[in-house]
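**Q** As a plain string of letters, each chain reads:
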Amino acid sequence: MRLSEVPVGGSGVVRNVAAGNHGQGRRLEDLGVISGTTVRVERRAPMGDPTIYEVRNALLAIRRHDAELVDVELCQTAAGAADDAL
Amino acid sequence: MTHCEPESGGVIAPGALHVALVGSPNAGKTTIFNALTGLRAKTANYPGVTVTRREGVMHVDGRSVVLVDLPGTYGLDAISPDEQIVSDALAGEIEGVAAPDAIVMVVDATTLHRSLLFVGELLRLGRPACLIVTMIDEVVARGGSVDIDALSRAVGIPVVSVVGHRGIGMDEVRQLLAHPDEWVVPVVAPPADAAGRSAWVTSVLVGAYVAPGRDRRSRRIDAVLLHPVWGVLVFAAVMLTFFQAIFTVAAPAIDWLDSLFAWMGDQVHAHLAGRPGDFIADGAIAGVGGVVVFLPQIALLFLILTFLDSVGYLARAAFLADRVMGRFGLEGRSFVSMLSSFACAIPGIMSTRTIPSERRRIATMMAAPLMTCSARLPVFTLLISGFVHDRSLFGPFRTQGLALFGLYVLGALSGLLYAGVLHLTALTGTAAPVILELPPYRWPTLKAVAYQTWEGAWSFLRKAGTIILGSSLVLWVLLNVPVATPPAGSTEQAATAYKLEHSAAGYIGRGMEPLFAPLGFEWRTNVALLGSLSAREVFVSTLAMTTAAENEDSLPDRLRELRRDDGSLVYDAETVAALLVFFVYALQCMSTVAVLRRETNSWRWPMIAFSSMFVLAYVGALVARTVVHVLH
Chain A
1 MRLSEVPVGG
11 SGVVRNVAAG
21 NHGQGRRLED
31 LGVISGTTVR
41 VERRAPMGDP
51 TIYEVRNALL
61 AIRRHDAELV
71 DVELCQTAAG
81 AADDAL
Chain B
1 MTHCEPESGG
11 VIAPGALHVA
21 LVGSPNAGKT
31 TIFNALTGLR
41 AKTANYPGVT
51 VTRREGVMHV
61 DGRSVVLVDL
71 PGTYGLDAIS
81 PDEQIVSDAL
91 AGEIEGVAAP
101 DAIVMVVDAT
111 TLHRSLLFVG
121 ELLRLGRPAC
131 LIVTMIDEVV
141 ARGGSVDIDA
151 LSRAVGIPVV
161 SVVGHRGIGM
171 DEVRQLLAHP
181 DEWVVPVVAP
191 PADAAGRSAW
201 VTSVLVGAYV
211 APGRDRRSRR
221 IDAVLLHPVW
231 GVLVFAAVML
241 TFFQAIFTVA
251 APAIDWLDSL
261 FAWMGDQVHA
271 HLAGRPGDFI
281 ADGAIAGVGG
291 VVVFLPQIAL
301 LFLILTFLDS
311 VGYLARAAFL
321 ADRVMGRFGL
331 EGRSFVSMLS
341 SFACAIPGIM
351 STRTIPSERR
361 RIATMMAAPL
371 MTCSARLPVF
381 TLLISGFVHD
391 RSLFGPFRTQ
401 GLALFGLYVL
411 GALSGLLYAG
421 VLHLTALTGT
431 AAPVILELPP
441 YRWPTLKAVA
451 YQTWEGAWSF
461 LRKAGTIILG
471 SSLVLWVLLN
481 VPVATPPAGS
491 TEQAATAYKL
501 EHSAAGYIGR
511 GMEPLFAPLG
521 FEWRTNVALL
531 GSLSAREVFV
541 STLAMTTAAE
551 NEDSLPDRLR
561 ELRRDDGSLV
571 YDAETVAALL
581 VFFVYALQCM
591 STVAVLRRET
601 NSWRWPMIAF
611 SSMFVLAYVG
621 ALVARTVVHV
631 LH
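Each protein sequence line maps, in turn, to chains A and B.
Just so we're aligned: 26 in this note's numbering is position 26 of the first sequence, and the numbers increase by one with no gaps anywhere.
Just so we're aligned: 23 in this note's numbering is position 23 of the second sequence, and the numbers increase by one with no gaps anywhere.
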């Protein structure tokens, strides 16, 4: 599934990052969004876009358009969802 | 090797080493650069591009080391002008700038895995390299650890741990930088592809790094500051405080500077009679003073913005604003630049350097001059206090305040729409992705905030000392040459007015009348408009000079009474409305034009901005005139 479709509180393991037509894929990889990495969906902006993701201890806000390039495998999220309730 | 030649000024000894400082934004690179070079950094632009280069010299063991602070980036694959510079500079492909002898990489220990991906890429360049790890204290506080020696062995290069703001580890860095020829180099270069490099990083970190726990403090703060309701309320409150502070807190200091410059002018008049005295007092001091009085405001603006930035809030503000800005072809960081432009478009335009996408960066720079800068405030205040009848509309909201607020809103909305139109028309090329890193909330050190505030204020002062001084002197000459002989028996004021009307500026003002007559502007206004090209607030002081003849009333009263030869009012409601709208749109500021030229590195964008904003101002003023005429 696409990273942009993962619900808030859920996480996924990156399977593939598409190149994108403006070099977005490369930029995502520079920031650690690489095949095999776990990405957690932290929070969406008040108007639904962009979304904050946690990648290897860093918080990255990514627009939906760019997050669509990332293909992930959804993880079981019971622990993550409870943690997100705050 | 050309870069080993002694450079002009004789500061750098022959054989000086050139070392490039590379790292991601927020890694603490600037703190380390400042600690190593003191306050002696030079800034200049790279030839042919818009990115600033900062350079400083440090002396250690009798050697000079030239440190070049490269822009913060996440990788070498160039998708932004900043990244292009970093990769070109490291490859030695910039004309007149030699390749560095060694690379110093600065990484944030809290995001070590991500940072080492970039380090792996840099190591593939095959230059001597060392690593500075910052924020280890934060990693330890969150239950992680970094073994510096193990990391050094695993990566195969020297590694130093530094606590930048306390200066811990800086001596070690200094010693290291003196002898890059002794640095160990990795036996095998890391893999080229991202997945391979990620695996390399994982293997390097085994036994050297325990990742910190999640940053619970930042998450708790974000739960409030990024909340759909509370977050937006806090955002609004921060913006309100920002404007309140800029316009009220700085006011006493501005008044004080104003009287200081008035006193200086008087002193010159008292000790230097005649034309030379006038030239210095009314040309140089009044001209430069008229702009330097805004220094407290500018310094306060930089202080607040630097503080919000180093705490980590500006990245959050950009995150909250991104969606709205996106509709106009801009992004979250454009919001921050436009915010700065409310004080002055120049720092606003300079702050767009953090925007990776060239096209969104240009859109932001072009919209910046339409934000109501502090130099428009004296003009608006004069016209509103003189011509808008002050009464309460409801509660504390009064007509004058709302009129001023309306002009601010008009400017901001027009700026967004202007960027949107450019986005759909003149701007070409691809837009880099919008990916914002939200750094952990951190308390900045007083020193770091003070230094950045000082840098911002200083660049503003330098501008006042050059561009504004020059244009003030030219204006003074135009207003005073040629010297006409007033009719005998006229009062002093009438004589002044007569001289002014028959000066070069007076003739130019009359020459402009056919152009501006449809807006209701006559020669006195035209001369003031011409004067305001050096800085908008000069409009007020020039108008004070050009209307000095009639009587000794205050300027607003004088303007209300001023009549043309046929007895009609010079400043009727239509003309005042036209003037206000004209000032909302017109790019009446040569400094902004110059900065646009420098930052876009072409005359194209400043020319487009100046001409299109003039057309907007002219048409807008005509519309305002018509609307007021119909309503009246």
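No wet-lab data here; the hints were simulated from the structure.
Since the model is a prediction, treat every value here as computed from it, not as a measurement.
All residues carry an ideal CB built from backbone N, CA and C; glycine is no exception.
Among the hints, a few may not be true.
As the list claims (entries may be wrong) - Over the 10 Å line for every Cβ pair with chain B, so calculated as not near, a few chain A residues: (1) Met1; (2) Gly9; (3) Gln24; (4) His65; (5) Asp71.
As the list claims (entries may be wrong) - The following label-pair restraints were derived from C-beta to C-beta distances: (6) B:Val615 with A:Asn16: 45 to 51 Å; (7) A:Arg64 with B:His59: 47 to 53 Å; (8) A:Asn16 with B:Gly213: 47 to 53 Å.
**Q** State for each hint whether it applies.
**A** Hint-by-hint comparison with the structure:
{"no.": "1", "hint": "Met1", "verdict": "20 Å, holds"}
{"no.": "2", "hint": "Gly9", "verdict": "12 Å, holds"}
{"no.": "3", "hint": "Gln24", "verdict": "4 Å, violated"}
{"no.": "4", "hint": "His65", "verdict": "8 Å, violated"}
{"no.": "5", "hint": "Asp71", "verdict": "14 Å, holds"}
{"no.": "6", "hint": "B:Val615 with A:Asn16: 45 to 51 Å", "verdict": "49 Å, holds"}
{"no.": "7", "hint": "A:Arg64 with B:His59: 47 to 53 Å", "verdict": "51 Å, holds"}
{"no.": "8", "hint": "A:Asn16 with B:Gly213: 47 to 53 Å", "verdict": "29 Å, violated"}
Figure legend: structure checked against the earlier numbered hints; hints not met, in rising order: 3, 4 and 8.
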